[in-house]
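Those sequence lines, one after another, are chains A and B. Counting from 4, one number per residue, gives the positions in the first sequence under my numbering. Counting from 15, one number per residue, gives the positions in the second sequence under my numbering.
Hints are computed from structural coordinates only; laboratory data are not their basis. For each residue, glycine too, the CB sits at the ideal point set by N, CA and C. You can take every hint at face value.
Label pairs and their computed distance ranges (CB to CB):
id, chain 1, residue 1, chain 2, residue 2, range
1, A, L171, B, F37, 46 to 54 Å
2, B, K192, A, E246, 38 to 46 Å
3, A, S135, B, G159, 51 to 59 Å
4, A, G20, B, W210, 35 to 43 Å
5, A, R132, B, A112, 30 to 38 Å
6, A, E324, B, K192, 45 to 53 Å
7, B, L27, A, K104, 53 to 61 Å
8, A, L315, B, A116, 53 to 61 Å
9, A, D361, B, R127, 41 to 49 Å
10, A, S135, B, R205, 25 to 33 Å
11, A, S135, B, R127, 36 to 44 Å
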Amino acid sequence: MATVSLRKLTKRYGNIGIVHGIDLDIADREFIALVGPSGCGKSTTLRMIAGLEEISAGSIEIGGRVVNDLPPRSRNISMVFQSYALYPHMTVRENLGFSLKIAGAAKEDMDRRVAEASAILGLDTMLDRRPSQLSGGQRQRVAMGRAIVRDPDVFLFDEPLSNLDAKLRTQMRTEIKKLHAKVQSTVIYVTHDQVEAMTLADRIVIMRDGHIEQVGAPDEVFRRPATRFVAGFIGSPPMNLHEATIDDGQMVFASGEKLPLPGQFKSDVATGDKVVFGLRPDDIYPTGHGISSGGAGDVHQIELPITVTEPLGNETLVFVEFNGTDWVSRMLNPRPLRSGERVAMSLDMSQAHLFAADTGKTLRS
Amino acid sequence: MDENSSARLKRRLLGIVYRIGLFLAMLTICLPGLWIVLSSLRPTVEIMAKPPVWIPQEISLDAYVAMFSGIGKGGIPVIEYFRNSLIISVTSTIIAVAIGMAGGYAFARYRFRGKSSVFLGLMLTRTVPGIALSLPLFFLYVRLGIIDTHFGLILAYVALNVPFTIWLIDGFFRQVPKDLAEAAQIDGCTRWQAFWQVEFPLAGPGIASAAIFAFLTCWNEFALASQLTRSVSAKTLPVGLLDYTAEFTIDWRGMCALAVVMIIPALTLTYIVQKHLVGGLTSGAVKG
Numbered sequence: 004m005a006t007v008s009l010r011k012l013t014k015r016y017g018n019i020g021i022v023h024g025i026d027l028d029i030a031d032r033e034f035i036a037l038v039g040p041s042g043c044g045k046s047t048t049l050r051m052i053a054g055l056e057e058i059s060a061g062s063i064e065i066g067g068r069v070v071n072d073l074p075p076r077s078r079n080i081s082m083v084f085q086s087y088a089l090y091p092h093m094t095v096r097e098n099l100g101f102s103l104k105i106a107g108a109a110k111e112d113m114d115r116r117v118a119e120a121s122a123i124l125g126l127d128t129m130l131d132r133r134p135s136q137l138s139g140g141q142r143q144r145v146a147m148g149r150a151i152v153r154d155p156d157v158f159l160f161d162e163p164l165s166n167l168d169a170k171l172r173t174q175m176r177t178e179i180k181k182l183h184a185k186v187q188s189t190v191i192y193v194t195h196d197q198v199e200a201m202t203l204a205d206r207i208v209i210m211r212d213g214h215i216e217q218v219g220a221p222d223e224v225f226r227r228p229a230t231r232f233v234a235g236f237i238g239s240p241p242m243n244l245h246e247a248t249i250d251d252g253q254m255v256f257a258s259g260e261k262l263p264l265p266g267q268f269k270s271d272v273a274t275g276d277k278v279v280f281g282l283r284p285d286d287i288y289p290t291g292h293g294i295s296s297g298g299a300g301d302v303h304q305i306e307l308p309i310t311v312t313e314p315l316g317n318e319t320l321v322f323v324e325f326n327g328t329d330w331v332s333r334m335l336n337p338r339p340l341r342s343g344e345r346v347a348m349s350l351d352m353s354q355a356h357l358f359a360a361d362t363g364k365t366l367r368s
Numbered sequence: 015m016d017e018n019s020s021a022r023l024k025r026r027l028l029g030i031v032y033r034i035g036l037f038l039a040m041l042t043i044c045l046p047g048l049w050i051v052l053s054s055l056r057p058t059v060e061i062m063a064k065p066p067v068w069i070p071q072e073i074s075l076d077a078y079v080a081m082f083s084g085i086g087k088g089g090i091p092v093i094e095y096f097r098n099s100l101i102i103s104v105t106s107t108i109i110a111v112a113i114g115m116a117g118g119y120a121f122a123r124y125r126f127r128g129k130s131s132v133f134l135g136l137m138l139t140r141t142v143p144g145i146a147l148s149l150p151l152f153f154l155y156v157r158l159g160i161i162d163t164h165f166g167l168i169l170a171y172v173a174l175n176v177p178f179t180i181w182l183i184d185g186f187f188r189q190v191p192k193d194l195a196e197a198a199q200i201d202g203c204t205r206w207q208a209f210w211q212v213e214f215p216l217a218g219p220g221i222a223s224a225a226i227f228a229f230l231t232c233w234n235e236f237a238l239a240s241q242l243t244r245s246v247s248a249k250t251l252p253v254g255l256l257d258y259t260a261e262f263t264i265d266w267r268g269m270c271a272l273a274v275v276m277i278i279p280a281l282t283l284t285y286i287v288q289k290h291l292v293g294g295l296t297s298g299a300v301k302g
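Next up, chain A with everything else stripped away, as it sits in the complex (with noise of 0.2 Å):
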């Protein structure tokens, strides 16, 4: 059993508050993704569970024991850092073997342990290797075997993958996954990728300027973001996020450009209302072009200039001018288009966000 929970968690440097007071938490064997830019607390979280930083205020709770002033080793945790850290001055097998070593294991059960990790992550022809001799990829799974190797209560990875490049990157996180598989462990695992986040985890926490804005399954924040931050911060490309005011049933942006109220939205906001309109690039897409072609009723057609389009070979990300600025529009099956060519978009209004301007909270009710 390995449940986590955050009660309160409060960091501060003398009177900068870097985490301010969260709540959190986390099943039994459930991945867990802390995302957000940098500077927004996640890191600092991360360290505190591991009890590498200290906690200035609240509790932290492993397995249903409050571990806040125990020191790293009592918490029966592992952690994968982002440079690795791996110990130059010994082999790959020292390094596995280290925690096992430290706790006085039998040579037996040690090698026994070190073998299946390898197994498992397929370093079993490197073992007598140093770090220096490895690729960034093995460095990573030495750093993953040698947390395996513990079998912690909660694994904790702290940006894992953002020193590999984009290929491996892409190879690891599938490894990562099929790992969580095998050894089905509590994971707590911080990224400022959302995509990283959205792969791998059962649910998300977005965090900014040391606040969670929201929690909830990929599909979730995805679909159902809570604040514009959110809104904005999840999705390739981000989600188009214009403000608008309220006018009699309609939208009208700074330009003066005006669009319709989206239907689900009529009752939660009134003339004068100042909104911020979201619409991914997938509800926005010239006409016979998108994914939900047809059905929905809610689509707004409308004549939009080009100014861009970036063709990705199954798709292209084309970019039109509306309010005075680019919404990025993702076009499927895609034809030729010129720029300045003037073609007709559907607006799938039905999948529509407004956020309130002042709050950044969702209007949907």
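Please arrange chain B on chain A, whose structure you already have, making use of the hints.
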């Protein structure tokens, strides 16, 4: 001649010039040492000859034989001096390195009030020439009754070396990524274990070089030692050199022979340790 062959020729010529330059530089550096070794083997007449005799005519080990022949036969208590030097240098080096490790680690890893001023203060002590302190130190030691003792000189040398070892070892601990000690703590180490298992081995080469420097400083120091020691039971080798000066004569050959005896252990030690001064030991710890 085409462009390529002239470029090749130029490169070769530069290579030759470079080697000649290096040879001259090395010669300049090595010549005094060589001259001392040579002088220890030649009669004083030849050493003092004007114009100088470059190629030795007469070579003998007389000076070395005489050195060990005991008082009255031109000998000096070289074994005692050697023992004093060894005890004083080794002890003060061990203490200076131990303090240097503790201090260097603290400066490299912890944040505390007045850190930079303390560090600057330590460095400023290096600006005071040791000889300027010899007279006050002499009076102080006389009052304390530690004049002409091993302990007194060890104390002075520790004070002399500690700022330097702290400064050097601080730099080496800074190069050991913080993550490693943290990883070790998560792997089950206490702070203390993390230091000895991970950070100490990685900073090892740096600590070894600090130790060499500290040892050589003590081994070769003359000014303070000549003021603070008097008797055979406390005098170090450099002070022992003065035994070769009489009222009207200086036995240059004997002095050079003793200098060689002094140089050999220092050279041997440096040679042994330099193999362990391999840089880049931490490569592979973190990304790359």
